[in-house]
Amino acid sequence: MVWIGYLQLSIAGAETPQPILDACAKSCLAVEPLAPGCAFLVLSKGAKLPWQIAGDLVNQLSASYPHPFLLGLATSKLASKAAVMAYNKSPALIDGKLQAAKQGSALILAIPSGQEAACLASLPANCLWPLGEKEIARLYLLGLNTMGLIAQVPESQLLLHFPQSGSLIYRYCRGIDHQPVLPLYPAEQLVYQTELAGPPNKTALKVTLKEASASLGRQLNQKGLACRRITLRLFPEDLLPVEGSLTLPAPRQGADILQESLYRLLDKFRLKRPLNALAVILSELTQPEINQLNLFSLHPPKEKEKSSKFPLEELEKRFPRLGWGSRLTVPRREQFLGLIDPYRKNPWSVLKGDLKTNGQADQPTGAGHNGS
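Numbering (my numbering), first residue to last: 340 to 711.
What the hints contain is simulated information worked out from the structure, not anything from laboratory work. For clarity, every value in this text was computed on a predicted model and none was experimentally measured. Some clues are possibly wrong.
[What the hints assert, rightly or not] DSSO-like cross-link-like pairs, simulated, lysine-lysine; straight-line CA separation at most 27 angstroms:
no., residue 1, residue 2
1, 365, 441
2, 441, 384
3, 607, 541
4, 611, 545
5, 365, 562
[Unchecked claim] Simulated restraints, written as ranges between beta carbons of each label pair:
no., residue 1, residue 2, range
6, 394, 626, 42 to 48 angstroms
7, 358, 527, 19 to 25 angstroms
8, 593, 476, 37 to 43 angstroms
Glycine included, every Cβ here is placed at the ideal spot set by N, Cα and C.
Construct the complete structure from the given sequences, taking the supplied hints into account.
Here is the structure:
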């Protein structure tokens, strides 16, 4: 069991200060910074509430941040943030329902393990922050104003009104959320840098980027990580470095994905001056996501790609007559007709006769013209 904390600073719109993140990184197993002034934390693993760890963390944060702040504790990201959101709406919503402790300028709001559904029952439906605005508005139109009312609806009924997210809503209102905290701080990066010489040449640069993709792909596989953000940085002569970044829709680790993304970034640059060096930076490294398509597939992706390109030899074996069109040294239109028409006579003999007829018809005309 993992205990997750949600940290919210009191100054709205402020970025999370660097000393705050450093203190969290020392006390927590993982830190996922959010904007503005918020972060998800993994405090500990175990069955009991980590009051001592939370207290030590609060003491370190108070030393570098004198303003009030909130810290929600629960076994999921949804419940820890929902507790803080409910307190921001009205402190009366959590009176007697959550375990609250005041320590210095901080307020700790904790939801014990196994009591998520009971603690969240009185919270408003708009505390289901992973849902979109349209889904929350529809819940209010259906009269489901609190998480407790939503929890009374069977999952089958929720699926009728929310075909795509009904199962998620059924789990969310009970405090069940399997979203992991991404270890984004301190930011781990993989960097590939090499020196260049000569005039700018995109063909040569693509060869270098292919080598970079292969090298970084091997490092990702060895570490069991995937990246979500790819940055290409170029160093022109006598100029400041220029860079472009691309954020992938999901964490990926294949060298082919890196190569394709780097080629797209390279095409956006206008290379006029010689380059001294280039660097490829992979950031937002996380655990790779499970590919559901391959999980239920009977063939590996490469085999599927091969089977999608049906070879002509296999076609000729199954339907011998259809093979005539592939051996004709005639225009493409005649090849196509001979390939798809299984009841057509051997088109080669027909076309050969047509060519002879045309040749005999053209010869007298030429002879008559020369005689005249």
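Structure-based check of each hint:
This hinted pair checks out: residue 365 and residue 441 have alpha carbons roughly 22 angstroms apart, not beyond 27 angstroms. Taken as a hint, the residue 441 and residue 384 pair is honoured in the structure, with Cα atoms around 23 angstroms apart against an allowance of 27 angstroms. A hinted pair counts as satisfied when its Cα atoms are at most 27 angstroms apart, and residue 607 with residue 541 qualifies at roughly 11 angstroms. Of the supplied pair hints, the one linking residue 611 and residue 545 holds, its CA atoms being roughly 16 angstroms apart against a limit of 27 angstroms.
A C-alpha spacing of about 22 angstroms is found between residue 365 and residue 562, which places the hinted pair at or below 27 angstroms, so the restraint holds. At roughly 30 angstroms, the beta-carbon separation of residue 394 and residue 626 lies outside the given 42 to 48 angstroms, and the hint is violated. Take residue 358 and residue 527: their Cβ atoms lie about 20 angstroms apart, and the range 19 to 25 angstroms holds. Our hint of 37 to 43 angstroms for residue 593 and residue 476 holds, since their Cβ atoms are close to 39 angstroms apart.
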